[in-house]
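Trainee: All chains should be built: construct the whole structure from the sequences, respecting the hints.
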Amino acid sequence: MISESLRETYGEELAILGEGHKNLVVLDADLSSSTKTSIFGKKFPDRFFNMGISEQSMVTAAAGLALSGKKVFASTFAVFLMRTYEQMRQSVCYNNLDVNFVVTHAGITVGEDGATHQIVEDVGIMSGLPNMKVIVPADSYEARSVIDYLVESGTGPNYVRLSREKFPLLYDDNYSFHPGVSSTLRDGSDITIIGMGVMVSFALKAAEILKQKGIGVRVINMSSIKPIDKKAIIKAANETGRIVTVEEHSIYNGLGSRVAEVISENHPVHLKRLGMMDTFGKSGKSWELFDYFHMGVDDIVKVSEECFRKETYYENIS
Amino acid sequence: MEAYDVVDLKRISNVIRRKVIEMVYSAKSGHPGGSLSAADILTVLYFKEMNIDPLHPDDPDRDRFIMSKGHASPGLYATLSVRGFFPESFLSGFRKLNSKLEGHVHRGVPGVEVSTGSLGQGLGVGVGMALAGKLDQRSYRVFVLVGDGEIEEGNIWESIMAANKYHLNNLIAILDRNRIQLDGFTRDIMPLNNIPDMIASFGWNVIEIDGHDHNQIISAIEEAKESLEKPTFVVANTVKGKGVSYMENNPKYHGSPPASEEEYRLAISELSGGE
Ligand SMILES: Cc1ncc(C[n+]2csc(CCOP(=O)(O)OP(=O)(O)O)c2C)c(N)n1
Chain A
1 MISESLRETY GEELAILGEG HKNLVVLDAD LSSSTKTSIF GKKFPDRFFN MGISEQSMVT
61 AAAGLALSGK KVFASTFAVF LMRTYEQMRQ SVCYNNLDVN FVVTHAGITV GEDGATHQIV
121 EDVGIMSGLP NMKVIVPADS YEARSVIDYL VESGTGPNYV RLSREKFPLL YDDNYSFHPG
181 VSSTLRDGSD ITIIGMGVMV SFALKAAEIL KQKGIGVRVI NMSSIKPIDK KAIIKAANET
241 GRIVTVEEHS IYNGLGSRVA EVISENHPVH LKRLGMMDTF GKSGKSWELF DYFHMGVDDI
301 VKVSEECFRK ETYYENIS
Chain B
1 MEAYDVVDLK RISNVIRRKV IEMVYSAKSG HPGGSLSAAD ILTVLYFKEM NIDPLHPDDP
61 DRDRFIMSKG HASPGLYATL SVRGFFPESF LSGFRKLNSK LEGHVHRGVP GVEVSTGSLG
121 QGLGVGVGMA LAGKLDQRSY RVFVLVGDGE IEEGNIWESI MAANKYHLNN LIAILDRNRI
181 QLDGFTRDIM PLNNIPDMIA SFGWNVIEID GHDHNQIISA IEEAKESLEK PTFVVANTVK
241 GKGVSYMENN PKYHGSPPAS EEEYRLAISE LSGGE
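So the protein sequences, as listed, match chains A and B. Per this note's numbering, residue 1 is the first one in the first sequence, and the count goes up by one each step. Per this note's numbering, residue 1 is the first one in the second sequence, and the count goes up by one each step.
To be clear, the hints were calculated from the coordinates, so they are not data collected in a lab. Predicted, not measured: the structure shown is a model, and the values here were computed from it. Any given hint could be a false lead.
[Stated by the list, open to error] So the derived list for chain A, only partly shown, Cβ under 8 Å to chain B, looks like this:
#, residue
1, D30
2, T116
3, S283
4, Y292
The C-beta atom is built at its ideal place from N, Cα and C for all residues, glycine as well.
Mentor: In structure tokens, the structure reads:
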């Protein structure tokens, strides 16, 4: 499978879109060489602001720029944006401004930098903010389409979660992102795996193995976490009766929790959530960390089989 | 502990620098630049000025050290191991799975007081420890190493205000003034015209030194220890990547290990000079 960098795509796409969109401005906080906003910065130095290691200043300035008619993109590592939660809440979301937070290095695919940098809580934190939309692209085609959408027709506030590592390609140039709409990458009638980010390609591999075991798997890429694609979730619950969620995020307040909310209010079925089990990350190579935290392809297969074979809806709690 | 003279300290600084290079080369990642710039400061603190005992890392009266710029973990880990807090063999596990040596400074490592890695927070943690020292009437001191990019964080200046308010003369901050941050030179990313004056205007004692001159580091710390009322900021002028010719003053080596076997060998040989 060919892999491509989502952040590289982000920087390049911004630099392309900057030509036609003169009101596009980009901010960073001394990580532009890593988030790749530096590509835009080199091309449009007048519309690029490196605010230094001052994330709170970056976010409040983003609000001021948006209030003055600019379309704003602000980037840093996901973990460091979180220290501005209250600035995002007060100055950006409450004012409902066109600010797009595109963060990189989220999740455990940060690898060697370790636990301090591997944020697995951000989707939950951001989803709780009124007006904020939350998007997690699964490959670089989707990342490009998301950026195009945000610049051309979207309005902020948005939170877009990108990674350090390259992710396997799932789509092609025909793909186009729409908020609140998921995409089904594979159909099956026994169980549905709903994934987010790189876990979608893991889910596809797991589905192949499960097929050999006689289990037909539907795989859904839920890149729009907020608004979430309720219809697709209820349909999957109805048609496959069992759902597994997989995410490079805590099982609390992320994709699994959102799916649980939708099915328990509308169509309760067996659900298993796979992700970080209320724990911090660890230094190591990105891909070996998935096995370490029991989130690898084999783990998805195991959990899906368990979910498929489960007979009663309730755990035996006696 | 045996008393080290300046010749010994210089030798130890070079040992630490070599270990920094070995660690980031073996890990194929990590932050050499800001570890090398801080090596002489770390040496003086751990081998001369701080009241610490590797056999009693929990002694309530020990001096505390906080590496506020937590990406300089190779520098701190190397120093702690040479000082005897843990076996030097641990260093080869740096940034690898099944090792205690997390990529950024981690509290699970013997001798480490607090986990860091998100910039701007360590000085405030130091304020808390210094407040506790006063409350408990203990004589320990709290040393905090801060980066010159790091002081762009508002949190740093909030902590500077608090230390002044509570007259924390038991708090000694050291600025690793190497003039480079991640995206480039500090003067380009966020110019600060006169850092010593800025800090002094917040009510601190400020001492400016050459951060690679062991004698100057020693006298600055000695002077800080005499402060009756004020917290002290030692502004140490340093060179990022100090000791490795191709890393010196080169922003590329903020977060990149030697790029090849040749670079690695060159670094080790330059750091072995005079021995
Ligand atoms: C809050 C926060 N924002 C951004 C980063 C990413 N980062 C790591 S090191 C660094 C530059 C630090 O520069 P400086 O403080 O001067 O350290 P030194 O040059 O001594 O290594 C940045 C921006 C971070 N670790 N924490």
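Trainee: Could you run down the list of hints and mark each one as holding or not?
Mentor: Hints, one by one, checked against the model:
Hint status for A/D30 relative to chain B: holds, with the closest Cβ pair at about 5 Å, below 8 Å. This hint holds: A/T116 has a C-beta 3 Å from the nearest C-beta of chain B, less than the 8 Å allowed. Taking 8 Å as the C-beta cut-off, the interface hint given for A/S283 holds, the closest approach to chain B being about 4 Å. Among the interface hints, the one on A/Y292 holds; its C-beta lies about 6 Å from the nearest C-beta in chain B, closer than the 8 Å criterion.
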